[in-house]
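Engineer: Chain B: place on chain A using the hints.
In the order they appear, the protein sequences are chains A and B. Residues 1 to 114 (the working numbering) are what the first sequence spells out, left to right. Residues 1001 to 1109 (the working numbering) are what the second sequence spells out, left to right.
Since the hints were derived computationally from the structure, they do not count as laboratory data. Worth double-checking, as some hints may not be accurate.
What the hints assert, rightly or not - Derived BS3-like pairs (lysine-lysine); straight-line CA-CA distance at most 27 Å:
# : chain 1 : residue 1 : chain 2 : residue 2
1 : B       : K1096     : A       : K62
2 : A       : K15       : A       : K78
3 : A       : K78       : B       : K1096
4 : B       : K1045     : B       : K1002
Here are the chains, one letter per residue:
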Amino acid sequence: EAGVVQSPRYKIIEKKQPVAFWCNPISGHNTLYWYRQNLGQGPELLIRYENEEAVDDSQLPKDRFSAERLKGVDSTLKIQPAELGDSAVYLCASSLGNMNTEAFFGQGTRLTVV
Amino acid sequence: RKEVEQDPGPFNVPEGATVAFNCTYSNSASQSFFWYRQDCRKEPKLLMSVYSSGNEDGRFTAQLNRASQYISLLIRDSKLSDSATYLCVVNTNAGKSTFGDGTTLTVKP
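Next up, chain A with everything else stripped away, as it sits in the complex (with noise of 0.2 Å):
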């Protein structure tokens, strides 16, 4: 069985410029996470959906950064425009949605921003 797909692997990009991250869950998985993680630290929880509804988005910093679930498949995170400090790891997870269910990550998007 295929585990979560993420694309791309890595990207650099300009300050200032826009960039997106896609997301292909596990199939039949509703709960989807965007995640971010810095070194040394823990990943931070962006945005959770389940199936299309974002259901916690509380993290999310809305001025510049924004994501879609259509038809509550696949996923896209996007940054508008990308500062800094936004270099990271960018991680997708997705479960079954119970809460006792584990999440599995896919490999991540390792954005550099210059």
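Structural biologist: Using the frame of chain A, we list chain B on its own:
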């Protein structure tokens, strides 16, 4: 204060040693608990869930203390391959999932 706190380490232990990590959480509405393992430049992967009665999986034992709001992970007979960062994860019944910043373990020959 962070909602989930871990001792960052690093823990440097010889092969065969027993090592324990603790994780404290502040949200009393927390309902489910996990330990994830993250290798360098890789994604986190589930190591084990933590049950109220405690649970064991081979050399790994997880414990939950709801009264004191902490969970622990014990690794016996450490192997070189156990070297990684161990992340504590706490979920509330509203589905909120919070990670600690991880504890780094290095097992040396």
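Engineer: Now look at each hint and say whether the structure bears it out.
Structural biologist: How the hints compare with the structure:
1. Simply put, K1096/B and K62/A have alpha-carbon atoms about 19 Å apart, close enough for the 27 Å limit, and the pair holds.
2. In summary, the hint linking K15/A to K78/A is supported, as the alpha carbons are separated by about 14 Å, within the 27 Å threshold.
3. At most 27 Å may separate the alpha-carbon atoms for a hinted pair to count; K78/A and K1096/B meet this at roughly 22 Å.
4. The suggested pairing of K1045/B with K1002/B holds, with an alpha-carbon distance near 22 Å, which does not exceed 27 Å.
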